[in-house]
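Q: Sequence:
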Amino acid sequence: MNSWRYIILILAYLGGLFLTGLWGFPNPQPSWQQWTLVILLIFIIPPSLFIFLNRRWRRCPQLRFWFLVSCVAFFAVIYFQFRLPSPRSTDISHLIKDDFKPKQV
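Numbering-wise (numbering that gives the first Met the number 0), the sequence shown opens with residue 0 and increments by one.
Source of the hints: derived by calculation from the structure; they are not laboratory data. Remember, predicted model here, so these are calculated numbers, not experimental data. Any given hint might turn out to be false.
[What the hints assert, rightly or not] What follows is a list of derived Cβ distance ranges for each label pair: (1) S30 - T89: 24 to 32 Å; (2) R4 - R87: 35 to 43 Å; (3) I77 - S2: 22 to 30 Å; (4) N53 - I95: 54 to 62 Å; (5) L16 - K102: 38 to 46 Å; (6) Y5 - I91: 39 to 47 Å; (7) I91 - R57: 53 to 61 Å; (8) W56 - L21: 22 to 30 Å; (9) K102 - L67: 56 to 64 Å; (10) I38 - Q103: 46 to 54 Å; (11) I43 - D97: 40 to 48 Å; (12) L36 - L67: 16 to 24 Å; (13) I38 - I95: 33 to 41 Å; (14) I43 - D98: 45 to 53 Å.
Just so it is clear, CB atoms sit at the ideal spot from N, CA and C, and this is done for glycine as well.
Generate coordinates for the entire structure from the input sequences, incorporating the hints supplied.
A: See below:
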């Protein structure tokens, strides 16, 4: 694998992380419409890049590499959602009341 392919894979991972921004940051429970939009973008953009680059770049990677690029971006989205913290029902933040009145000093 040459250096261009590594760069493309790194950009795919970063692109997958940036696609989670479509949900609004942070969103621990995205809706099914948001998941559908991100998955469609992940699996439409790389093949369209293949079609575009195949005519202009003589040593363009094959289509199965672009499928790998889609998988890397998808796993980046899944990993980000897995690592996003969400408070449990026993978290201390649920015990603190937020009924403080503002005081002007």
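Q: Going through the earlier hints one by one, which of them does the structure break, listed in rising order?
A: none
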